[in-house]
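One letter stands for each residue in the lines below.
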Amino acid sequence: MAPRGGRRRRGGPWRFERQVAVRHLVAGGGQTWLTVSAVAAGVIIVIFITGLIFGLRQDMARLLTESIAHVTIEVAEVKPVPLERVPGAGPGPSSSRLEQQAPQEKAIDDWPRVLDIVRAVPGVRLAAPVVRRQAFASRGANPIGTTVVGAEPALQEEVAPVTENLIAGRYQGLTSEEVVIDAELAEDLSVATGDRIRLSSNTGASDSFTVVGIYSRGRGRGEAYVTLRTAQSLFGLGTSVNAVLVKMVDIYAADQAADRIMALVPYEAKSWSREFPRFLDALKVQSAAAYLTSAFSLIASSFAIASILIVSVLQKAEQIGILKAMGARRRQIQTIFILEGLGVALLGSLAGAAGGTAIVYALSLVEQPVRRVGQTPEQLFPVAILPVYIALAVAAAIAATVVAAYLPARRAAALNPVDVMR
Amino acid sequence: MSRWAPEPPRPFWPNGHEAARDGRPIAIETRGLRKTYLGKVPVPVLHGVDLAVRAGEFVALIGQSGSGKSTLLNILGALDVPTGGTVLINGQDLGRLDDDALADLRSQEIGFIFQEHYLLDEFTCLENALMPVTIHEGDASDAQRQRVVGLLQRVGLGDQLHKHPDEMSGGQNQRCAIVRALANAPRIVLADEPTGNLDSTTGAEVFALMRQMNRESGVAFMMITHDDRLARAADRVLLIEDGLVHEVDETLHRPGPGAAR
Ligand SMILES: Nc1ncnc2c1ncn2[C@@H]1O[C@H](COP(=O)(O)OP(=O)(O)O)[C@@H](O)[C@H]1O
Ligand SMILES: [Mg+2]
Numbered sequence: 215m216a217p218r219g220g221r222r223r224r225g226g227p228w229r230f231e232r233q234v235a236v237r238h239l240v241a242g243g244g245q246t247w248l249t250v251s252a253v254a255a256g257v258i259i260v261i262f263i264t265g266l267i268f269g270l271r272q273d274m275a276r277l278l279t280e281s282i283a284h285v286t287i288e289v290a291e292v293k294p295v296p297l298e299r300v301p302g303a304g305p306g307p308s309s310s311r312l313e314q315q316a317p318q319e320k321a322i323d324d325w326p327r328v329l330d331i332v333r334a335v336p337g338v339r340l341a342a343p344v345v346r347r348q349a350f351a352s353r354g355a356n357p358i359g360t361t362v363v364g365a366e367p368a369l370q371e372e373v374a375p376v377t378e379n380l381i382a383g384r385y386q387g388l389t390s391e392e393v394v395i396d397a398e399l400a401e402d403l404s405v406a407t408g409d410r411i412r413l414s415s416n417t418g419a420s421d422s423f424t425v426v427g428i429y430s431r432g433r434g435r436g437e438a439y440v441t442l443r444t445a446q447s448l449f450g451l452g453t454s455v456n457a458v459l460v461k462m463v464d465i466y467a468a469d470q471a472a473d474r475i476m477a478l479v480p481y482e483a484k485s486w487s488r489e490f491p492r493f494l495d496a497l498k499v500q501s502a503a504a505y506l507t508s509a510f511s512l513i514a515s516s517f518a519i520a521s522i523l524i525v526s527v528l529q530k531a532e533q534i535g536i537l538k539a540m541g542a543r544r545r546q547i548q549t550i551f552i553l554e555g556l557g558v559a560l561l562g563s564l565a566g567a568a569g570g571t572a573i574v575y576a577l578s579l580v581e582q583p584v585r586r587v588g589q590t591p592e593q594l595f596p597v598a599i600l601p602v603y604i605a606l607a608v609a610a611a612i613a614a615t616v617v618a619a620y621l622p623a624r625r626a627a628a629l630n631p632v633d634v635m636r
Numbered sequence: 002m003s004r005w006a007p008e009p010p011r012p013f014w015p016n017g018h019e020a021a022r023d024g025r026p027i028a029i030e031t032r033g034l035r036k037t038y039l040g041k042v043p044v045p046v047l048h049g050v051d052l053a054v055r056a057g058e059f060v061a062l063i064g065q066s067g068s069g070k071s072t073l074l075n076i077l078g079a080l081d082v083p084t085g086g087t088v089l090i091n092g093q094d095l096g097r098l099d100d101d102a103l104a105d106l107r108s109q110e111i112g113f114i115f116q117e118h119y120l121l122d123e124f125t126c127l128e129n130a131l132m133p134v135t136i137h138e139g140d141a142s143d144a145q146r147q148r149v150v151g152l153l154q155r156v157g158l159g160d161q162l163h164k165h166p167d168e169m170s171g172g173q174n175q176r177c178a179i180v181r182a183l184a185n186a187p188r189i190v191l192a193d194e195p196t197g198n199l200d201s202t203t204g205a206e207v208f209a210l211m212r213q214m215n216r217e218s219g220v221a222f223m224m225i226t227h228d229d230r231l232a233r234a235a236d237r238v239l240l241i242e243d244g245l246v247h248e249v250d251e252t253l254h255r256p257g258p259g260a261a262r
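Order-wise, the sequence lines are chains G and B. Just so you know, we're using the numbering used here here: the first sequence kicks off at 215 and counts up by one. Just so you know, we're using the numbering used here here: the second sequence kicks off at 2 and counts up by one.
No lab work stands behind these hints: they were computed from the structure. Beta carbons are placed, not taken as given, at the ideal position from N, Cα and C, and that holds for glycine. One or more hints might be untrue.
Here are some, though not all, of the chain G residues that point toward chain B, as calculated from beta-carbon distances under 10 Å [what the hints assert, rightly or not]:
id, residue
1, Gly225
2, Val234
3, Arg237
4, Ala542
5, Arg545
From just these sequences and the hints, can you work out the full model?
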């Protein structure tokens, strides 16, 4: 019932509640700033951690997208089979294991057909037939092991770019007499472009090549690139290849694509995520760590807010009493304190968003010391400024603060005027 | 409306019918009001109070310290609930109202003045005086604002409108609190020792203002006081003793010195 008419509202929604909340915050001074800082700190931590973790994740994803095949199709590797499981094999005296006879030529002879099939699999961006084998590179005495990849330069650039990582020389227009090697191998062999090196396969075949390009992807040892035909003859594969490298549109769709391919062709298709499970695990662990850290920092700041608001409710008890004596409803008192929480949350999370973004941006400008001449400088901290996560951090902080304000607000609303005005 | 003795002596039997006989509606009525504070040791305070205050009356409530004056006033103002009996405010049974309805009743029917002014530090004198309007309506209309500014001018605070409570004297703050109690134009004002914190001169001024407001606007006042002179200036004096309320016939029974303080 409303004694003289219902409650009209003038001056917009919660005019009274807003006014009291704003005055409390303004009059709160240091206490208000403390609460705002607690929220801001929470948001900064969230933006910083997610920026760092997701930056790392993006960096890894970029590495994946750019420099490794997402699915590799090869002739199935022969696995040792326990003797008992080999049909017809009795208990032998010499070994408990028996190697199945490997096919003489581990090659994909029908690769044009395989390419047609693979290119039709959904999500496949491209498929490149390659010859990829271990070999020795030498210039004079000691040979050094390296992986030789024979591929059409145009396709190779798509699987793992070479030209953009060149320190010296060229890759495009590679002839059958030429090779492009990575900077580490060049250093170990002490060769420069224009020098000649020898590549020897494990079957004994060998040939001599002119180094026309030296590249570096900045991470470990790379491969030596020759043309497809050169590699086919070096490893005695005729017109066959021994691998088809597949790039996906979405790297996380590689598992499904690999399964699909396995069902369609008589070869083994391995996704990057199965080949390097730790890599995937690391990505997952990092994301989990980011979410957990974010959650904990938000929880911590909402506890700070809750405790500060509880103190403020106690300080304001007498005032709450008089407001109720003057006709304020429970709901109105509750709204005042929720609005105070909301005000703190807005100020704090916006300040935190600005601060966090500034910190992450500053970090993103820090560059790794350049180790090799010509190497493009890389970020020391691969941080990412992700507007979505900043918005999420702000939204989460606001939600956490309002939740934190709820309890003190209810407490305030339940105060009895006669108990607090004595 | 009459003030001093002019009213003929009448036997006090606070009973609705009796009180209604003189034509004015009853603003406050209690029937068999009981209150016992329930704690580890129950403290019985009111033992069945029957009283009636008519619209526009100025009633003083006296009694020894701890006799239950504040308890009674808080119950009348819907700030506390009785253990038994009924309270009717402008004919409405408080026991039948829910929390929001009680809040609305406090907002519209009743104004409170306490020993302490309880003005909000964060607000100016004018904002404080308008607070009941703000609570109820969100923002004051021009008419309401004008009315409250007018009242503040009438109590001599015309030049203090934008000062905060800590910038004003105790007497000024209490005068502001009086205007605040009248902001929503209630029909009843409950005042618990409103002059208790003021020196006697300031207290007399503040009392005179309340009496003036009472006469001008016809608001019923129920005022707890320890000051005999102030009590004598009321229309009627009620004494609370041993948990019951008695009418004090001023011409016959002067409350003894023990009654105050
Ligand atoms: N909340 C309470 N709990 C228990 N006892 C109370 C409470 N409030 C008041 N009392 C007791 O009730 C009696 C009346 O108190 P009160 O109404 O404040 O007296 P007065 O205003 O006349 O001085 C006193 O004995 C006091 O101690
Ligand atoms: Mg008292």
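Do the hints match the structure? See the list:
For Gly225 (chain G), the interface hint holds, the least distance from its beta-carbon to any beta-carbon of chain B being 3 Å, beneath 10 Å. Against a cut-off of 10 Å between C-beta atoms, the interface hint on Val234 (chain G) holds, since the closest Cβ of chain B lies about 8 Å away. The interface hint given for Arg237 (chain G) holds, since its Cβ lies 4 Å from the closest Cβ of chain B, which is under the 10 Å cut-off. Given hint, Ala542 (chain G) at the interface with chain B, holds; its Cβ is 5 Å from that chain's nearest Cβ, closer than 10 Å.
Because the closest C-beta pair between Arg545 (chain G) and chain B is about 8 Å apart, less than 10 Å, the hint holds.
The structure meets every hint from the earlier list without exception.
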